[in-house]
Amino acid sequence: MTGRALYLDGVSVVFDGFRALNNLSLIVEPGELRAVIGPNGAGKTTMMDVITGKTRPTAGTVRFGDTDLTRLDEPSIATLGIGRKFQKPTVFDQLTVFENLELALKAPRGPIACVKWHLSGEARDRIAQVTEEVGLLARAHDPAGILSHGQRQWLEIGMLLAQDPELLLVDEPVAGMTDAETEHTAAMLVGIAGTRSVVVVEHDLEFVRALGRRVTVLHEGSVLSEGSIDHVQNDPRVIEVYLGR
Amino acid sequence: MSVALSAPPPSRLRLGLRAGLGVAVLLLAALPTLNALPADHALHVSDFIVSVTGKWICYAILALSLDLAWGYAGILSLGHGAFFALGGYAMGMHLMRLIGPRGAYGHPVLPDFMVFLGYTDLPWFWQGFQYFPYAMLMVLLVPGALALVVGFLAFRSRITGVYLSILTQAMTYALMLAFFRNDMGFGGNNGFTDFKELLGMPLGTPAARAMLFYASLVALVGSFLICAALTRTKYGRVLTAIRDAESRARFLGYDTTQHKLFAFVLSAMLAGLAGALYVPQVGIINPGEFSPGNSIEAVIWVAVGGRGTLAGAVLGAFSVNALKTWLTSAAPDLWLFVLGGLFVAVTLFLPRGLIGLFDRLRRRRAS
Chain A
1 MTGRALYLDG
11 VSVVFDGFRA
21 LNNLSLIVEP
31 GELRAVIGPN
41 GAGKTTMMDV
51 ITGKTRPTAG
61 TVRFGDTDLT
71 RLDEPSIATL
81 GIGRKFQKPT
91 VFDQLTVFEN
101 LELALKAPRG
111 PIACVKWHLS
121 GEARDRIAQV
131 TEEVGLLARA
141 HDPAGILSHG
151 QRQWLEIGML
161 LAQDPELLLV
171 DEPVAGMTDA
181 ETEHTAAMLV
191 GIAGTRSVVV
201 VEHDLEFVRA
211 LGRRVTVLHE
221 GSVLSEGSID
231 HVQNDPRVIE
241 VYLGR
Chain B
1 MSVALSAPPP
11 SRLRLGLRAG
21 LGVAVLLLAA
31 LPTLNALPAD
41 HALHVSDFIV
51 SVTGKWICYA
61 ILALSLDLAW
71 GYAGILSLGH
81 GAFFALGGYA
91 MGMHLMRLIG
101 PRGAYGHPVL
111 PDFMVFLGYT
121 DLPWFWQGFQ
131 YFPYAMLMVL
141 LVPGALALVV
151 GFLAFRSRIT
161 GVYLSILTQA
171 MTYALMLAFF
181 RNDMGFGGNN
191 GFTDFKELLG
201 MPLGTPAARA
211 MLFYASLVAL
221 VGSFLICAAL
231 TRTKYGRVLT
241 AIRDAESRAR
251 FLGYDTTQHK
261 LFAFVLSAML
271 AGLAGALYVP
281 QVGIINPGEF
291 SPGNSIEAVI
301 WVAVGGRGTL
311 AGAVLGAFSV
321 NALKTWLTSA
331 APDLWLFVLG
341 GLFVAVTLFL
351 PRGLIGLFDR
361 LRRRRAS
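In order, the protein sequences belong to chains A and B.
Taking full-length UniProt numbering, the leading residue of the first sequence gets 1, the next gets one more, and so forth.
Taking full-length UniProt numbering, the leading residue of the second sequence gets 1, the next gets one more, and so forth.
All clues given are correct.
With a straight-line cut-off of 27 Å between C-alpha atoms, the simulated BS3-like cross-links for lysine-lysine are:
no.	chain 1	residue 1	chain 2	residue 2
1	A	116	A	106
2	B	234	A	54
3	B	234	A	106
4	A	116	B	234
5	B	55	B	196
6	A	106	A	88
7	A	54	A	88
8	B	324	B	55
9	B	234	A	88
10	A	106	A	54
What the hints contain is simulated information worked out from the structure, not anything from laboratory work.
Given only the sequences and the hints, what does the whole structure look like? Please build it.
Right under this line is the structure:
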């Protein structure tokens, strides 16, 4: 595996005196699938915001391989190979599933390049492949606006795949999904990891258990515990602040 | 693994729309010919109809440019009239230089208002405007440059929605106040008028009217085709994506500032072209063209026709202006109430404008 690792070292984010992140340190190895859990307000989404350039950290280092992410804006970080799936699925409702994936597909992003863009057979095949991977082949030419909640989540995961990132940040992918959809999603994410790194933020412990990988527990903006799901579930500090309630 | 994806079925509405547009363009193109028929001929069209339609064509180009910015990129500009007026002023400067010694004061170079205000030399920014190609370049570059600067500052600072609209409104208002000043060198509140000729053609004659009419019609068809081609590319879909979820587009790696700027500058240039075609047809340009009300009216044309459809913008410009021309002579006091009411009614009942209405009627008939 030749990918880049993600390093967060001593990262703090302060909003009006409130410490959303407090000296947070975390390393995600290339190809790793990492679950991040924690109670509301633990700083999970803020951590994603810092990595993707939406929020500038007040202090600390954020690096992806050798690149300092704190100096870049969202589009540059995305082009670098970090994709993000939001908690609330955001797809482009007016565009079809196919067009959504076409926009996500790895290609030059400037206005002129987009005007000149011609959908090659290769690109079409790649889009078709992703469409099938996320189980939306039958809906390819439907506007994304009419998809069900679960299908929208999958489309967003498909857009991440089409972007071909090295690192995927996935925020609560199974919120509001049925059990069958949850299972399908877990299998999808496990399949994605290995060739790329994946960080999944999730509330649903059953889902995290189904992923079966290393878990990081956040609390009040820093790492409380890290290890296997059994390890963190038996950690007395974790039980006290999160699981025991 | 390879999976075949079939192409989506073509839309029948689109085909019908295209046929309708073709017929409309042919009908418009016939107007100057019908105008040349003897006055007692059954098909004769009056001078008034030709000149007023020529103006509407320019408005339709302005509506088209606004639809590109608003309907596709989601930039609700309430100052597009400024780009229209700047294009008009650039054309006006050319027409003023062409008057030459035929002005009331008979000065070989200086326009009348400069002689009146005591100028001895032509200001530097008036140089070159005697040449038609240079003036045409300025018609596009001046509005484009303003859009580039304003757009860059606004989009980079992530000013969107109502704040952006207010900003563009302030821009046109500020320009209006600036152009009212005599020492700006643009004729103050009188602006430019008394034009004599364009490209060696005396203005105000039927031949000149027909030429300007055809030039405007060609510009409208050309602008429409450019916008239609552009919005059908992936760039058009990127604009739609930015309009509906800008932050998502950013996380996909699109520099939305660049994309919006590209659309905004192109849109401003089209608006400038519309203004340049408008001025020789109406024979005057003054700072009133910058008034915020003009820009808002253009927004209403697009809303009435149906934004984000291009054809809707053109349809809206023609229908609202036809209504305006009729109503301002039939019941002048009512016009502003009707205009306001129209906007409210369209917003409430026809969110997709006239195009959306046609679409709905067609579907009802089909089912």
